[in-house]
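K.L.:
As a plain string of letters, each chain reads:
Number of protein chains: 6
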Amino acid sequence: MTTRADGRADDELRPITFTRGFTSHPAGSVLVEFGQTRVLCTASVTEGVPPWRRGSGLGWLTAEYAMLPAATHERSRRESVAGRVGGRTHEISRLIGRSLRACIDLAALGENTIALDCDVLQADGGTRTAAITGAYVALADAVTWLGAAGKLSDPQPLSCMIAAVSVGVVDGRVRLDLPYEEDSRAEVDMNVVTTDAGTLVEVQGTGEGATFPRATLEKLLDLAEIGTATLFEAQRAVLDEPYPGELPTE
Amino acid sequence: MTTRADGRADDELRPITFTRGFTSHPAGSVLVEFGQTRVLCTASVTEGVPPWRRGSGLGWLTAEYAMLPAATHERSRRESVAGRVGGRTHEISRLIGRSLRACIDLAALGENTIALDCDVLQADGGTRTAAITGAYVALADAVTWLGAAGKLSDPQPLSCMIAAVSVGVVDGRVRLDLPYEEDSRAEVDMNVVTTDAGTLVEVQGTGEGATFPRATLEKLLDLAEIGTATLFEAQRAVLDEPYPGELPTE
Amino acid sequence: MTTRADGRADDELRPITFTRGFTSHPAGSVLVEFGQTRVLCTASVTEGVPPWRRGSGLGWLTAEYAMLPAATHERSRRESVAGRVGGRTHEISRLIGRSLRACIDLAALGENTIALDCDVLQADGGTRTAAITGAYVALADAVTWLGAAGKLSDPQPLSCMIAAVSVGVVDGRVRLDLPYEEDSRAEVDMNVVTTDAGTLVEVQGTGEGATFPRATLEKLLDLAEIGTATLFEAQRAVLDEPYPGELPTE
Amino acid sequence: MTTRADGRADDELRPITFTRGFTSHPAGSVLVEFGQTRVLCTASVTEGVPPWRRGSGLGWLTAEYAMLPAATHERSRRESVAGRVGGRTHEISRLIGRSLRACIDLAALGENTIALDCDVLQADGGTRTAAITGAYVALADAVTWLGAAGKLSDPQPLSCMIAAVSVGVVDGRVRLDLPYEEDSRAEVDMNVVTTDAGTLVEVQGTGEGATFPRATLEKLLDLAEIGTATLFEAQRAVLDEPYPGELPTE
Amino acid sequence: MTTRADGRADDELRPITFTRGFTSHPAGSVLVEFGQTRVLCTASVTEGVPPWRRGSGLGWLTAEYAMLPAATHERSRRESVAGRVGGRTHEISRLIGRSLRACIDLAALGENTIALDCDVLQADGGTRTAAITGAYVALADAVTWLGAAGKLSDPQPLSCMIAAVSVGVVDGRVRLDLPYEEDSRAEVDMNVVTTDAGTLVEVQGTGEGATFPRATLEKLLDLAEIGTATLFEAQRAVLDEPYPGELPTE
Amino acid sequence: MTTRADGRADDELRPITFTRGFTSHPAGSVLVEFGQTRVLCTASVTEGVPPWRRGSGLGWLTAEYAMLPAATHERSRRESVAGRVGGRTHEISRLIGRSLRACIDLAALGENTIALDCDVLQADGGTRTAAITGAYVALADAVTWLGAAGKLSDPQPLSCMIAAVSVGVVDGRVRLDLPYEEDSRAEVDMNVVTTDAGTLVEVQGTGEGATFPRATLEKLLDLAEIGTATLFEAQRAVLDEPYPGELPTE
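Chains as they are written, first to last, in this note's numbering: chain X, 1 to 250; chain A, 1 to 250; chain L, 1 to 250; chain G, 1 to 250; chain U, 1 to 250; chain F, 1 to 250.
Everything labelled a hint here was simulated from the structure, so no lab data went into it.
Some hints could be false.
What the hints assert, rightly or not - Below, in silico cross-link-like pairs of lysine-lysine (DSS-like), each with a Cα-Cα straight-line distance of 27 Å or less: (1) A:K219 - G:K219; (2) X:K219 - L:K219; (3) F:K151 - U:K219.
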């Protein structure tokens, strides 16, 4: 018996789509959609690395997350106009960067930087997990681009795939991939970042106004495994298509 | 004989498209494309007006323009991270706000604010004129929304249509709707904002490293008239379709 | 066989001390020490609540975390001088606030705010978990103060105790309460916030350069349970002593 | 029949004065007055150029515009105290820089920078056009100074003179050089920057609450030509006097 | 025997001039000159007081000090562009405010604020003492203006006059009113703010790289008394002239 | 007859204590207490000097002062969160730096910097003078550390001792070392920084709402001499103990 507002089963993802080559300037550019949540994830390659890393011979990967002002139901204030990046934005940017650095051998890039930008065009819950999942696809495209440009010392610097999903307890039920309507009233909210090798990269679970027993944590992790398995399939399917655009020639 | 890199005649616009209802939260949401230049223009309605306008009974219209970091060929720094909005951004935001305020009777809104957000997803020259042209369509949708919500004291507060186009002198030739490749080496660069009544709202012409005789100004204005005539047709065509989404009921 | 540099067993906490009444202005003021990590946790009561909460009749609890410049081995730049709070600081401040809000009935405070300030005087790993654990004791004192001042509608607004500990994988071994020397080279790093009722408030686990199987997550959670059990005992012991200072009279 | 509050004809400028050597530290220092509008324009020479221009062998010219807090009728907030430069300030600073770069051969300066500072001591409309017109005189003095110091590879790097004037439609009449009283209620407001060779550098026309036909634009440009012709005469007259101060010896 | 570069005796001031009504918008506007040091001091009257003083029935007086970028020998960076007010600027602004609040009965103003702005047009040492001395004259004019406007509950709210002067030890000699050339190499530097009743408002003495015996302090204070006596005469002389401009009628 | 709230004679200091080695990372770390005022003063050694001093062969000494939010009776806002350092903080930081630079031969350090951080844990008046007095002890320890590390070209770069005390007029009586209760209602407030050679480094006296005759200044200086004599004894006594911690070996 289904009880979710959108008719999904508790362990069912929203429709997932990836549009590669959504814009054409960056080496990777993917519009990822988890239902109504839509995030533009780009991977730009720039020469050089941050000052603290210069001379190391190693590359770097950094990430920035942001919301367009009209992405949310009520328009939110533009952070550039406010003159500072908010705490939530900072936190998610750091999470995306850490998560994607887990799958890449930065030594293979030489002293080049990949900048991942995840800009939420429309928010309906799960923006950070959609961002991570879409950023992986953009990163894979950027790696293909770097390889074609002859900038990789190792032809395959990605050691695994990365995907993330939100899980939570809503109305006392453990559920996968929460939309805003569920997320905003969830008792427990958890984001899980995993690899296609079955290992965990990051687990962040929070009781919202409530606390939760460890048994709940286990159920949430089970559900996240189901969800990310489907996401890896979707990533693989879309990455089986050729690079969307023109590749550089060495 | 055509000499433009993209095969256009000197007085020809790039392909223009408007996608209404591109996102669903704001009252108006339009993706406008001038060739490869793509700008998401949203019009959000919020209750209340800025402090200096409170108690006037009048509404307000404000605009903010921004570029996604990967919208340009070389990734640019995110202004929220830099902690300040740059001069160019400020200038264009002000231009968009002034231009659209020229067509609306703010008294009809009561003390409500329409916030126009123009976020450049991909930049290929003419982002500010595309933004104004797209913002008009988003504004028209927001006005429809306000009417359905019973928030308008005058059922048709828009007195005219607004469109804008760039013109310039490139390779010694007067040309319409410059892409980045032409814009970056133009000798004269001009942005013209007009109404469908044939009047001017704003004219901004600049010699770039060169100065220009008044005769050139005249030719540029002639060309801008040709361009905006086509843009008004395109706006009318797309606005003939019904409101893309659900309207509020009073 | 012990292999830790400081001679501890893998499942052993560093020496834990709480000094209540460390300073005398705020309603709660606790110096917490986890070995060489020393954090001053204060709980200040102020009248009123943030604007978005006014008129609700509910109180609020907020938290700010910071490091003194000389708290770390290499002096770090003062964030007030830099003109912005860093991402890590933001993230930890938010974590502390969420964690402590999990144990308090904010309705009982009326429209008053408790501000928790956690300033790290000396850092040697685990500053955020020490801060949460110490902040609970400061909060308990502030609640006592509020009760004496006749400002509580419910005499016992704390529903449970809160403590936090770090766990991680170092040199391939699962360990409790990592000092800097271990933390800086941990393969997996996890912070666990729990209640004395045995439930979880927050779990944040991160692979650092590595990913980890779910079995490791389980072992880390087991260890965190052992650690927080000891922390709750220490909190109870110190809170059995009378309020350190003069209480207001109603 | 005169209808202007200050008794001027529609095509008449306010009294214009330039005081060269108003202060003595910068290489050029000119107090320009357009009636009650008074702007201190200085041109400072500094060694080196911005990072993005280093190694080019070319010089640079930059400009900053600001208002003293008490320059306006109502005291305005100091931008340094606000912590950010406002949009209007940014826009005018950029306009001044562009306008003056149109007359100078930056290659002749070597890697040196001329910084133009235009500080409004008293505002009565037309501050930006007064600033540009005064800045040209300060720039001419700085060029003389640079020549005396032996820092110019080309003895005359200025290819033309630059002056600017505001024109507008007030009470339905096309008028030259608007004071605040007219500017604040103008239907159309235009700033025109020209060279003494009769060419245009920048044209910025805006309908304020109204739009305007192209015929009005033509009349405004005619009037601006009349105004700048007088300004060039005044600049020439004052620059015929010797350099006000001591010149460096090579 | 005179040893000072500008020919003055050790106990001699530079030529002092006050130009009242230097600009016309603010209630008081005085250009003060101490030799080559020139500071524009304005006193603007605004309705209302800062939030923390509302409802007190008392007025307020505040001060802001700033330097134009080209006021110094080497152009200095504009603080609005830097995005923050420097420590020295802050310190002097606070000093000016404190000094002038010493002579005025703020109760007589009702809930109105006098904002003193001291903008250095040209700096040659002693800018803060010139600013205080000039600000007193601007303040006296603003008080006259307030009286004419019928906004004073006490017709004479100024209880004394305020003047300030710098003194120092240069080349082992105790000297009055140091220009930049002396100030920059002074062994001891002192700023003294006094009333015409012979009392002190503020004394700030600093050894610069050296320390100084109390006997030197005494000599410096003697010299400051001589200097301020002359400044009070000059202030009185200029204030004997009528108010420079039109006074409001009640 | 004693009239002070805390039972002290007018010329009596509060109990003074110094705790060396209060924290262990910085080369000098001293908790100084003047009664209830408690300031943590650290001296951190870092390689290199600010850009404007590079290549000079000289070292540098800088200071930063700050208050913890809960140090004052009413919690104050954190300056890092406000995004800017306040005027008072700036002013005191500069005073501490100047005062301590008076006793050290910076040439002896080579191009190394000593950063003094004075963080007020609890404020009860006189925080800046306590900070200076404690910072001297921390500096002396840092110098010992530098000597042991073989980084001093002159084994004793400190030419004198530095101590500071506040004096003031309260209830018409001249008093030493004012606590907050006296400081907040003092008619005259003065901070005096001296050397143990009997000379002055800095004198800052301010009338608070009142002005004061020179005779009062003399009495205040007499009292400050008495106070600093006792402080020098206390500094000497504590510095007679060995360095609190492990010294580097060259």
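K.L.:
Work down the list of hints and note, for each, if the structure agrees.
P.N.:
Here is how each hint holds up against the structure:
1. A:K219 - G:K219: 17 Å, holds
2. X:K219 - L:K219: Given pair K219 of chain X, K219 of chain L holds - Cα atoms ~17 Å apart, limit 27 Å.
3. F:K151 - U:K219: Violated - the C-alpha atoms of K219 of chain U and K151 of chain F are around 41 Å apart, more than 27 Å.
Checked against the numbered hints given earlier, the structure breaks only hint 3 and satisfies all the rest.
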